[in-house]
Amino acid sequence: GEDVEQSLFLSVREGDSSVINCTYTDSSSTYLYWYKQEPGAGLQLLTYIFSNMDMKQDQRLTVLLNKKDKHLSLRIADTQTGDSAIYFCAGPFSGGYNKLIFGAGTRLAVHP
Amino acid sequence: NAGVTQTPKFQVLKTGQSMTLQCAQDMNHEYMSWYRQDPGMGLRLIHYSVGAGITDQGEVPNGYNVSRSTTEDFPLRLLSAAPSQTSVYFCASSYSQGKGANVLTFGAGSRLTVL
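Residue numbers (the working numbering), protein chains in the order written: chain E, 123 to 234; chain L, 1464 to 1578.
Just chain E, same shape as in the assembly (with noise of 0.2 Å):
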């Protein structure tokens, strides 16, 4: 069945770049998005990143899309404290684009 597959945890120093990577099996999907989720809250859409595309940037942020290799990473520049939380990638679910897969979530620790 279609999988999402993403690395635990990530530690950074504050002002360095992050990058969260993100692998998927289902070869028929259109869009894919980050979500961030921070302590005892829900989750939030950071991005989304057409299949067509292969890059997305929107201010820090930069999604990178490699459809060949089904790898999607999301880069953070400037990494700040307020940017430790958890996050997800997502896609759709058995090609149904109105239902989404998600990644067991990386959670990113910036320390100073």
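Since the hints were derived computationally from the structure, they do not count as laboratory data.
What you are looking at is a predicted structure, and each value in this text was computed from that prediction instead of being measured.
Don't be surprised by glycine CBs; every beta carbon is placed ideally from N, CA and C.
Among the hints, erroneous ones may be present.
If the Cβ cut is set under 8 Å, some of the chain L residues that face chain E in the computed set are [said to hold, decoys possible]: (1) Met-1504; (2) Tyr-1511; (3) Ala-1515; (4) Ala-1564; (5) Asn-1565.
Given the coordinates of chain E, assemble chain L onto it according to the supplied hints.
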């Protein structure tokens, strides 16, 4: 604008008890879904709905029932709670933004403990 409202925020049940987690949205979104979040496993889709009167199963539907009698409400029912259903439950709603984009708005979550 309340967005997606879930109640209760916390609940403790005994094995075998039943309960309903409530979810309401005021954005007139077509799609609604329920996820559970467990440590190291991310979010797993339980059930979803593409409109009033239409529901379908997700990845982990066993032990849960849903119904969608109105656009606004999408309750999740546990008929006979089991300790394996201890989790944090999230309700989400969305609408099609064209070209297949589907941006979810999540509720704040309901933490359920089954003893």
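How the hints compare with the structure:
1. Met-1504: Hint on L:Met-1504: holds, closest Cβ of chain E at ~6 Å, below 8 Å.
2. Tyr-1511: Where the cut-off is 8 Å and the nearest Cβ of chain E is about 5 Å from L:Tyr-1511, the hint holds.
3. Ala-1515: 14 Å, violated
4. Ala-1564: 5 Å, holds
5. Asn-1565: Holds - the Cβ of L:Asn-1565 comes within 8 Å of chain E, reaching about 5 Å at its closest.
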